[in-house]
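Residue numbers (the working numbering), protein chains in the order written: chain E, 1 to 674; chain H, 675 to 1348; chain Y, 1349 to 2022.
Calculated directly from the structure, the hints in this document are not laboratory data. Treat each hint with caution, since some may be false.
To be verified - Cβ-Cβ distance ranges computed for the label pairs, FRET-style: (1) Y:Gly-1940 / E:Ala-163: 57 to 65 Å; (2) H:Asp-1229 / E:Gly-53: 53 to 61 Å; (3) H:Gly-1120 / Y:His-1774: 34 to 42 Å; (4) E:Glu-170 / Y:Ser-1542: 25 to 33 Å.
Unchecked claim - Covered by chain Y, per the in silico footprint, the following chain H stretches (three or more residues, Cβ under 8 Å): (5) 765 to 774; (6) 818 to 828.
These figures come from a predicted structure and were not determined experimentally. C-beta: ideal position from N, C-alpha, C; glycine also.
As a plain string of letters, each chain reads:
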Amino acid sequence: MSKSAGKVWHGAAYYPELWRDRVDEDLGLMREAGINLVRVGEFAWSSLEPEEGRYDLDWLEEVLEKCAGAGIDVVLCTPTPTPPRWLTLKYPEVLRVDRDGQAFQHGSRQHVSHTSPRYRAFSRRITEALAKRFGRHRAVVAWQTDNEFLCHVDGDYGPTAEAAWHAWLERKYGTIERLNETWGARIWSEDYPSFDAVPMPAKTPFHQAPGTATGQHHCSLAKDWGHFVSDTVVAFQKEQVEIIRAHSDAPITHNHIQQDRVAAEDLFADLDFAATDPYVDYENTWRVLRTLDWMRGAKMDRAGRTVPYMIMETSPSHNGATHPGHRTHPEGFLRAEAAVYLAMGGTAFCYWLWRQQRSGVEMCHGHVVTAWGTRGVGWKNVRAVTELIEKIGPMLREIPPARAEVAIHESKHARAHLLRAEPLWHEYNHWNTPTEEVYRPVMEMGLWRDVRFEGADVSGYRAVLSPFMPCLTDALGDRMTGFMESGGTWVVGPMSGCRTEFGTVHTDAGLGRLDGLAGVRTLYATGIQGCRGSLGEGEIDLGWYCFGLEAASGDCHVLGEYLDGPAAGTAWCVERVVGKGRIVLLAAHAPGRLGEVYEHVLGGLGLRRLRSSWGTAVVPREGDGRRAYVVANWDGQGGTAELPAGGTDLVTGRAVSAGTVEVEPFGVVAVVCA
Amino acid sequence: MSKSAGKVWHGAAYYPELWRDRVDEDLGLMREAGINLVRVGEFAWSSLEPEEGRYDLDWLEEVLEKCAGAGIDVVLCTPTPTPPRWLTLKYPEVLRVDRDGQAFQHGSRQHVSHTSPRYRAFSRRITEALAKRFGRHRAVVAWQTDNEFLCHVDGDYGPTAEAAWHAWLERKYGTIERLNETWGARIWSEDYPSFDAVPMPAKTPFHQAPGTATGQHHCSLAKDWGHFVSDTVVAFQKEQVEIIRAHSDAPITHNHIQQDRVAAEDLFADLDFAATDPYVDYENTWRVLRTLDWMRGAKMDRAGRTVPYMIMETSPSHNGATHPGHRTHPEGFLRAEAAVYLAMGGTAFCYWLWRQQRSGVEMCHGHVVTAWGTRGVGWKNVRAVTELIEKIGPMLREIPPARAEVAIHESKHARAHLLRAEPLWHEYNHWNTPTEEVYRPVMEMGLWRDVRFEGADVSGYRAVLSPFMPCLTDALGDRMTGFMESGGTWVVGPMSGCRTEFGTVHTDAGLGRLDGLAGVRTLYATGIQGCRGSLGEGEIDLGWYCFGLEAASGDCHVLGEYLDGPAAGTAWCVERVVGKGRIVLLAAHAPGRLGEVYEHVLGGLGLRRLRSSWGTAVVPREGDGRRAYVVANWDGQGGTAELPAGGTDLVTGRAVSAGTVEVEPFGVVAVVCA
Amino acid sequence: MSKSAGKVWHGAAYYPELWRDRVDEDLGLMREAGINLVRVGEFAWSSLEPEEGRYDLDWLEEVLEKCAGAGIDVVLCTPTPTPPRWLTLKYPEVLRVDRDGQAFQHGSRQHVSHTSPRYRAFSRRITEALAKRFGRHRAVVAWQTDNEFLCHVDGDYGPTAEAAWHAWLERKYGTIERLNETWGARIWSEDYPSFDAVPMPAKTPFHQAPGTATGQHHCSLAKDWGHFVSDTVVAFQKEQVEIIRAHSDAPITHNHIQQDRVAAEDLFADLDFAATDPYVDYENTWRVLRTLDWMRGAKMDRAGRTVPYMIMETSPSHNGATHPGHRTHPEGFLRAEAAVYLAMGGTAFCYWLWRQQRSGVEMCHGHVVTAWGTRGVGWKNVRAVTELIEKIGPMLREIPPARAEVAIHESKHARAHLLRAEPLWHEYNHWNTPTEEVYRPVMEMGLWRDVRFEGADVSGYRAVLSPFMPCLTDALGDRMTGFMESGGTWVVGPMSGCRTEFGTVHTDAGLGRLDGLAGVRTLYATGIQGCRGSLGEGEIDLGWYCFGLEAASGDCHVLGEYLDGPAAGTAWCVERVVGKGRIVLLAAHAPGRLGEVYEHVLGGLGLRRLRSSWGTAVVPREGDGRRAYVVANWDGQGGTAELPAGGTDLVTGRAVSAGTVEVEPFGVVAVVCA
């Protein structure tokens, strides 16, 4: 973010195309509120290109000029989620087709096909028009591609998608024989005579609800389809990114929210920094932290430091569409939320939206200013955020988030590709399980952690956790072997390693490469509704999709066995030294109690802890010999954190000692160590 | 109802086309049961026009003659809900298309398009054939158009509907620019180049369930679509009405049940009297009373007196289709039900159906006589109704229902058009909320009330309640201002006034015209899950979609403030004198406790009360200086009512004193005052 | 089963086409496990006919040879549930069309139309190729047609199905006038001008969910459609059966599981022995027994002895597709399950599947051997079954299952045709009601029973129960009259007799012919949520779809009356002597307590009892003067059975006395009487 490196922004989504006669009023109110960044343009296509090929960018230039004059920076967006009606009317073939074979009606958003050559040509042209005209405008500090890719729609089943699917498969497999063999396609006589013969996973009989477009497809086909759907969006975006880069030095991002449909790892590979749109009832704030942890790790500079992310949208008061969604934030929460989201690696905290919509389907959503120009219900809290940023902003610019000792893997193969096709266990939920069953216990252990893509370099971490990753690719296997050989601890499982990267079962060893790495023989897989297992001297409840193991190598150390249930007498948790490090293989889940397992297997590493009471976050910042801690209570109950060092609280100016620090309900303490 | 003014009927739906050889047997049994009215013909099209253009009406004439001979009056129906198979076979374009783009299969009912020129031509021809032949038949005392419009289907998405939609929009808006501006269509680049470009609200991405024909459309489009769907039916009916009127003096009605799809106000504007088909488990009888209240107000004669409505269908024992629906009515209930339904303004109490269906999909529905000719399970109760009508019928003919002091608005803009598109609050339910949250408390307050269409003349009422009416039209604003200036009290809200009549948010004042009328400034809107509010000296729980107000005029009197929650410190209930009357603005809902609010704001008016215990209805009749009270217990628990005056009970012949009167379980008392 | 008469098999489904290089390894492991039967080929079409008209059967011959060499018998299947991709690609018209008008995508199984002439030609050709080549192969002991007909799909709505439907109706009714009259089609103007005009029951308005392919059709049409769908499959199968018979003497079966879609009575009429695929959590084992009871009666030899059935699929440990389904069987259960399933009349106990799938959608299903070749989680239990069969197999071969004194009717008219269209009561569930409400009480009474098709000869039974059979055909009426005249007791009802065999209501008497047989007049039908009834000297709770009766004949003996509720005072249970026997008519259901009714009405017959505690099955075997009893505990709690005679336990070799025998949890005792 060249133009404004290190700036901390307080922003809002802004639709001047809908309120042209109120721009001056709006900018005045923004200054009063302390808004210094607006995101503009993501739905404005019909205002920017009112007829095919006729661009009307003057109004936008006027807005940008006024912003610049008011000291308000701009994130400029490509308007591609909402094509104008003239486009879909003249070229109806651009409309997206759903799994039931029905094309979406014009209206709403995202009703277009990312594989349509026609639509992509229009996308390139409007992107180029914007990039040429505004690529070097002084107000434009960043770009956003499109908006929340695939947040409303899933795979496209239209004819251009089908052709792209076949081409994608051909690129991946080369020959149809290789696809058939890799997929094990012969099962149910599904082997294909040609790439053109491979269906898209539409309506099919197995486990379908009669009369609906449901049903289960071959797992490898479904996994590749998920991969293809994601790649389609990545390729669509790449065209925009390349055009923007040709005309602008401003960094580019996307406000990503649908990780199970578009692999964040692939999407951000082409971008300059990360962004997302968290909307939660305040009591669920902790669920957002996992997202921030992967955002912080999504882009790293050459020095291995986080490239700050943007919170591109959050509500100043409540979300909502045709009715209010979650509860209106309680007084004081917004400031605590901003403190945490920025402290964890953010550089912008932006609202959706500035002025309440006067029409459409989101009139009940929270906003800073009402449609009739009064200060909205969250106004006072927005002002409090402004005041907080004034106090802690300089520290955030100077001291980066601390590097963690522990990383948790975020796997595109597991989440966006495989587990939607084959969840392995009926209680597995790709939205909640990684957060509730893995992330929360790690947080409760007081471990400062990164969440890292499976393709990321993990050297430097002391331990890496790889839970719920059925597919382990060869590349990951190589990387993790190197990691262990250099001294790292790899805790792999539960439910990891039992599928190839093509979604098939291994035919050489139950957990493929893990069998060898952990020195075990995997006897069998089975579902366990609940059983007892040993863990060192203690016991623990186990379950879900489990594997019975036996030690096959003398240096395999069994840490836990199944004590009853179908796998009684076999091992579920083993450890083995690999190079200077070790592998810990968890062949069963301990529902709700994975933290105890992590304590047991990581206990010996002496990892640093940074503890706080539930409902209060504590975030370490560290760099160039300086340290700071931001503590914020997000549940409104007040709480405590244990600070390793004392210093000065930037909020009150008071001295704070090392040890227990108390925070008021929704309170924020930002200690810069002496 | 010229031919039989004031007659009280006991009727049944009758399908002689299915039982031609049993007509004499049926008429004999009807006389035994006390049935003096039959509804005939609404599904008989294939018997009346067995081939295109060949009418066979002789059998019907024979039936009508026999009815006349037996002293049984007839409501004759147009048979348009069930076109013959030859019609849909030769002209498949008449089939209705559903939101998923699939045409309905022939069979069942209502599978036709009201916008199809072909279907409408056939509708006119069969209507004319019937009207010409039977328009002045001595047995025919009334007509019914079609049957329960849109009870099974919603909007039609076929090509003739699309063309009609575009024409409707053009008639309403004149130019596409005006539509775009009025709708705020530019949002999400949805502005339209022409009327032809405006989509019907089919499958769209926002909030859709993948693979289904769901999704949210622009609120103004959705509201107008609701209006258009309703208008389409009204226009279809109007053709039939005009044809019938050309050949008959008998009054015309429709048995209307789908108020959220077809606006009753518009439908009955073209009709002569109201009718509906209530089917409830006896414990839900109170829910029907709200319907009767609007039916009573649906048609008024020039003297401001109710035109009596017909209960066109109700079950003698239980409803059902392929299995019995609600519980079989307990012994005695039917008579109490008839007493209430007739006392509240009815002139006919008719069953569905006379003789059990022998085929089709409703063989398990209640009936008076079984398919094999025995007396059905409800026979004894039917006879009890006959005896009751003999006793109270003369009074019902002579003394009309009393005029109420209070009216509750029934808004087509809110119910049939807007709130289906934008419910504003997740707990708002257009079936139950107006009944449970508004009507029940008013009933429990002992207020005799009318429910009146928003377009009705409300002069003469002392207070009008307008709850859950987000859209207030200019016309209504004018009318209610006049009402207040003449001395009336207008209690408006909760959730009223926050949208324009086009479903957009006001941009001048939060509640539009209400801000000025109530002398307030609306600060903001927000959802409240529950908070405390003051109300005079007391407190009350508030919530739902709420507005924070502040007094902007010296004569605005704040009656209640939010005590906590997001709007704490602002006003939620204010009062202001307008002319000789006043406005009371409720900017929040008090879930389950709106009665307390009404008591507070209406308490000073000294409205007459007519109280009864829950489960017992008391209905006042009054006219030409005479008074009567019908008391009936519908919950089987027995109960009491407080009568303002004593008199003679028509049921027992005994004298009844003013004050508390007790009724037995399912008992009926009908007191004519001295 | 000529080649191996009386052999008891322990088998598994085997897919050598997917594991060609592991056949020797697999056969070796099978011998170790004790597997002596494999089912082969049902999904192997693309391996058997890799291109149109080019058959590759050599690999299969090689497998069969190896099986024969290893002493492993083979059930060979036609591979028609999974057509190769080249077929659907070149001839897309073979794809099945669902109720929503959408064709199924290629992939999965059963996505083809049984009425497609093209598909049927391919089916005949591949069947002939297999039958010619392997019809007399020494390894092939039986054939299976296709696989689990219609387990994933319901009626087909494509054009060839429509034409077949019209032809089917014309064959059944001859003239359209007869159809119209029989169906009572004139209701709702649904009378048809020609057979071609009769729709398939696709999307229709009545009770539909808007935007979906739902809705209710005319009951007679829907009933005939169900009949037609079933007949279509039967006709499809018949072609295969005739071809196989021309080339093979081995008996033919089908593994049937979808009794509500394909009438077992019709399907097995063309087959030589019965087979099915039960998958249950162990606690639901009792639900399978009803299936075994009809399987045992499905095919009888000329001497009236059961032709043994095959358990063609069950899981060695757990079922599952993309995740494990029910709980993994507890240790020991599998052996008890095999004991019961075989003792009740089986000759084979086979697993799905031998080797875990390495791809597709069922990788999480239980298996004997893992994909990587280790012994699966159920291996030990499979071995225990082998050992059990060694001990009890000879007895099973020599002593057949005992003939029962009581039969329960299984009605295709009720289950597969009518009750899906008109369930008559909201709690009626065609999966559970016959099992839970009828079968379980009979089992708990200690009655050894057969379940017999409605078309079966029931002479020889002492009592026949005919519950939940709304349609009674004339043929059944004749047969049951003869049965009673010869001394049998017919207990008919609840909910039986109230519809004609065309699904219409009788117009002469409420229960049609039953009125006359039982000497009653049926007054009316009504739904009863629950009421009290008398039963002899006692009382009982009654409900569901009920009939009020009165005695119309002097010899009609009222056993029970309704004591309250809508039918109070009428009779619900009557008895009448017919010839040497009698009829008992149950005109109401006694939910959860039908056993008490059966005790009351059957008590006088002195039927033999064979009691066991719940969770333990006891099965009598009897023939040629020899007797045996197999007792097995399936709920893991242990239990007892009362043996009429003592003998030697084949499992332990110990003597067992008459009277109470105890079994351990999951224990098996097999007593051969002295």
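Checked hints:
1. Restraint check, Y:Gly-1940 to E:Ala-163: a C-beta distance of roughly 59 Å satisfies the suggested window 57 to 65 Å.
2. Remark: the range hint 53 to 61 Å for H:Asp-1229 to E:Gly-53 is upheld by a beta-carbon distance near 58 Å.
3. A beta carbon spacing of about 38 Å between H:Gly-1120 and Y:His-1774 agrees with the range 34 to 42 Å that was offered as a hint.
4. In this structure, E:Glu-170 and Y:Ser-1542 break the distance hint of 25 to 33 Å, their C-beta atoms being roughly 51 Å apart.
5. Check on the segment 765 to 774 of chain H: 4 of its residues sit with their Cβ under 8 Å from a Cβ of chain Y, so the three-residue criterion for coverage holds.
6. Residue count for the segment 818 to 828 of chain H with a Cβ under 8 Å from a Cβ of chain Y: 3. That meets the three needed, and the coverage hint holds.
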